[in-house]
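Going down the list, the sequences are from chains A and B. Residue 67 in our numbering sits at position 67 of the first sequence; the count goes up by one each step and never skips. Residue 133 in our numbering sits at position 133 of the second sequence; the count goes up by one each step and never skips.
Please keep in mind that the hints were generated in silico from the structure rather than gathered at the bench. Cβ coordinates follow ideal geometry from the N, Cα and C atoms, glycine included. Keep in mind that the hints are not guaranteed to be accurate.
To be verified - Only pairs whose alpha carbons sit at most 27 Å apart, straight line, appear in this in silico DSSO-like list of lysine-lysine:
| hint | chain 1 | residue 1 | chain 2 | residue 2 |
| --- | --- | --- | --- | --- |
| 1 | B | 239 | B | 56 |
| 2 | B | 213 | A | 246 |
| 3 | B | 190 | B | 275 |
| 4 | B | 190 | A | 264 |
| 5 | B | 56 | B | 213 |
What the hints assert, rightly or not - Covered by chain B, per the in silico footprint, the following chain A stretches (three or more residues, Cβ under 8 Å):
| hint | segment |
| --- | --- |
| 6 | 166–174 |
| 7 | 276–286 |
| 8 | 296–303 |
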Amino acid sequence: MIADNIVHFARVLRGAGMAIGPDRVLAALAAVELVGLQRREDVHAALSAVMLERHEQQPLFDAAFDTFWRDPKLLEQMMYLLLPKISGRGDKQRAPRANRLAEALSVPKAPPPPNPANQTAKEEVQFDTHFSFSDRERLQKADFESMTTAEYELAKKLAEQLPLPVDPVRRRRHEAATNARHGGRLDLRATLQRMARQPHTLEPLYTRPREELPSLVVLIDISGSMDRYSRLLLHYVHGLMRRALKVHTLTFGTRLTNITRCLKERDPDVALRLADEQVQDWKGGTRIASSLHEFNRLWARRLLGANAALLLVTDGLDRDEHGDLSAAAAQLHRLAHQVVWLNPLLRFEGFEARASGVRALLPHVDRFLPVHNLASLADLGSALRATPVAPHTLLH
Amino acid sequence: MSLPLPESVDAVIELLAAENYVCDRQLATALFLSLKLSRPLFLEGAPGVGKTELAKTLARALNTLLLRVQCYEGLDVAQTAYEWNVARQMIEIRLAEAAHDVDREQLTRNLYARSMLIERPLLQALTQTRSPVLLIDELDRADEPFDAFLLEVLAENQLTIPEYGTVVAAAPPITLITSNRTREIHDALKRRCLYHWVGFPSVERELDIVRLKAPGASDRLYRQVVEFVQRMRTLDLFKSPGVAETIDWTNALVALNSMQLDPASVQDTLGVLLKHQDDIVRMQSGDTAKLLDELRAKALL
Chain A
1 MIADNIVHFA RVLRGAGMAI GPDRVLAALA AVELVGLQRR EDVHAALSAV MLERHEQQPL
61 FDAAFDTFWR DPKLLEQMMY LLLPKISGRG DKQRAPRANR LAEALSVPKA PPPPNPANQT
121 AKEEVQFDTH FSFSDRERLQ KADFESMTTA EYELAKKLAE QLPLPVDPVR RRRHEAATNA
181 RHGGRLDLRA TLQRMARQPH TLEPLYTRPR EELPSLVVLI DISGSMDRYS RLLLHYVHGL
241 MRRALKVHTL TFGTRLTNIT RCLKERDPDV ALRLADEQVQ DWKGGTRIAS SLHEFNRLWA
301 RRLLGANAAL LLVTDGLDRD EHGDLSAAAA QLHRLAHQVV WLNPLLRFEG FEARASGVRA
361 LLPHVDRFLP VHNLASLADL GSALRATPVA PHTLLH
Chain B
1 MSLPLPESVD AVIELLAAEN YVCDRQLATA LFLSLKLSRP LFLEGAPGVG KTELAKTLAR
61 ALNTLLLRVQ CYEGLDVAQT AYEWNVARQM IEIRLAEAAH DVDREQLTRN LYARSMLIER
121 PLLQALTQTR SPVLLIDELD RADEPFDAFL LEVLAENQLT IPEYGTVVAA APPITLITSN
181 RTREIHDALK RRCLYHWVGF PSVERELDIV RLKAPGASDR LYRQVVEFVQ RMRTLDLFKS
241 PGVAETIDWT NALVALNSMQ LDPASVQDTL GVLLKHQDDI VRMQSGDTAK LLDELRAKAL
301 L
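Just chain B, same shape as in the assembly:
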């Protein structure tokens, strides 16, 4: 059964907004096309800009199952697609042996029956009656052989199991792939997907996001936080804070009952925004004061 999918780009934005996900038009268009054309969507971008969150939100909004493959080096078929229930198979063999009735043909059929398969996320994604959302998270962390393995699932919505045959999806999954670009993903895989680079949001959009995701602060503080973080991103930092960090920081400031940004509160909570010692040292030695001065000049403080 295929899902009732949004009929326009605006409908996509609305659908996600209903689940508290603020999405810019370009991303919504990419997602809309991916749904319409039944092509996987390849999302690349810095950590903490809402790539994984998009998949989770989409599954919630479409009221369907989310299947997630978290990638890491050495990931193989047994962990992602399927595994034979070897323990059961062994028993089957022992039983056949004990009954002195070893009919090879029959035994092989029994051993490699569907009931002997343990389904992992990729296979599960192909066997649902209602299209699930399949999230292949941080694909760049898996090694290259895994990319090649994904090609069949992504392009054909099917999986070939040598001992069993080919499983074709009745309800093709909605596939989202995310990558932090710690390596280049092979062109053959990208070719089968629609590509979208998720960048940092604009001031207004980030304000909307923070208001939704970190309730409880004053409008003034929201604006200060967002303006401050946006300025930080223009600095030459090793790792610029993502939207996730902005949300965390706002929550931290609310928890500390800060009414507005001041050098002391920024100093104390810098570890929420920045995770590299070099960056923290750099901010502490002058850049924090400079950014706060800039905010003051714009009458935000």
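Okay, chain A solo, but in the shape it has when bound:
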């Protein structure tokens, strides 16, 4: 009887996206046998010890446990309703989806009914702010929509496959190599161990300097003119952080905010919501020069060590009368190993560097990544795959 229930419970959790194989079901059975059925919390603890593999799964598990041990049928129906329908084989990354479910379980909320008339009006008003910029400080929230399943899958794919905007750097730490080329050297300790194992032979072993991707600092402009790209870019950065890469993220509009900790959250929607709460100046004015200056002074030395690369995401439209953008950018260039500028506001082919901010920034970046008409993550992907533009060619 209890075995049936556990098998059933495991099947429900599996449906909700947790990776629970038959081995875990067997372990769960053994665990429940050992702790006994006298106390509900013991059973809960035993099952969660056996079935969870990440802390993030706990809320979902708890919710499922509570409901299941009241009425298994009800839970199954609920899960079925809440599950996003995803077709396709091999869902490898189950956890984020499960996390999304957990959120849905705790706050069952229907999306607001669309109001076509209202929406067009809102868009018309917004159009002006999208392509204008100012230096007024306006504190407001971004209110990102949560990701659709298709977006989520695409973002995951892109983050895993996209070439990175930065070059690998050579480290001083060595790894095993087959020969002494490319700065390699003889590894005496390993060679000797081999000799001790096989006397009368001498087979030299080598090491070579390890090449790896540098840690990345992303500075994202979130002012009014960049508003329509913020969500997209944050998703991209969140994806980068999921790769084996050290990423620090700061946003700037009228003030500089470090949102690295927010983006450490595994679930992209939760991460963006946390970032939204942390950052005060969404869709406000732009003060690129002061922001860069502040970054140089407070953060550059903490974050740009060990040949870190800097990815600057801005349209370069600066309305900062007080700051010297050129000087701040030059200093930034000296502090970072490489500076890559991703500019998403190129709506036309045949870009010319006319805006003063753009002209001030261009001489101080190593690589320029223009994105024509950045409307989706796929556009960002093709921009990253394209050959980067040498910044100096644009300065005529």
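Fit chain B to the given chain A structure using the hints.
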């Protein structure tokens, strides 16, 4: 053998003062606790505030050995902890081969004997008979894998050498770690330490330090120098001058026979205090005059 350690916070201050190190009470408390609880002390702060100097002074005051690991990227076990004497090992193998007497067991025992180990600072720190001071300097310059390697030494005062076994310290070292915070050190390492942020000293304390470390100037000049530098630190400079710079500057002024600060002498010696071109330009374009005016207003000039 463990060292005779100071019995109170005041005793720590006195001990260091005897070696010309002026130490504020908070730092002395952190150091006292670190000695009492046998926990490493993690010192973080801007360059030139006396972090490394503390370790050197402590070793002198306790009359014990100072072992120093200067960190840099790519630092590995061979440079910091131990290295096998591969040349000797090779000879050992050749001898065994030449004698046609290759007993694998015996050979391995000989190859990885204690005498084949070359001790580097971390291992040395664990093999002393009298507790040494172990200084791991500028840990932020090493890369992250090195942090992980330190965990065993810091927490357990022991080092595991795969081919040999575990070396446990008979006299645990007094460990000080310094960092300029050019990267965040992992929490797992910080957790094993006591933490102290070394800030810039107050006017009076800095005066005491400069008097001790840069003798030869008049009391009036000391006060001018310290007041001037303290005001500089409130400016929005890329790199504020540390205490080390204040000492250097005083020495420079004494060497130039300056009796008091004036625009010309400040101008000429600014390179002792500031090491960034932007900062120097900024001071030269008005801020020097402004600070000197402020000193004059306080009747210090």
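Against the structure, the hints:
1. B/239 x B/56: Holds. Residue 239 of chain B to residue 56 of chain B sits at ~25 Å (cutoff 27 Å).
2. B/213 x A/246: Distance ~42 Å between residue 213 of chain B and residue 246 of chain A Cα, so the pair is violated.
3. B/190 x B/275: With Cα atoms ~30 Å apart, residue 190 of chain B and residue 275 of chain B exceed 27 Å; violated.
4. B/190 x A/264: Status holds; Cα separation ~20 Å.
5. B/56 x B/213: holds (15 Å)
6. 166–174: That given contact holds, which follows from 4 residues of the segment 166–174 of chain A lying within Cβ reach (below 8 Å) of chain B.
7. 276–286: violated (count 0)
8. 296–303: It holds: at least three residues are needed, and the segment 296–303 of chain A offers 5 whose Cβ sits within less than 8 Å of chain B.
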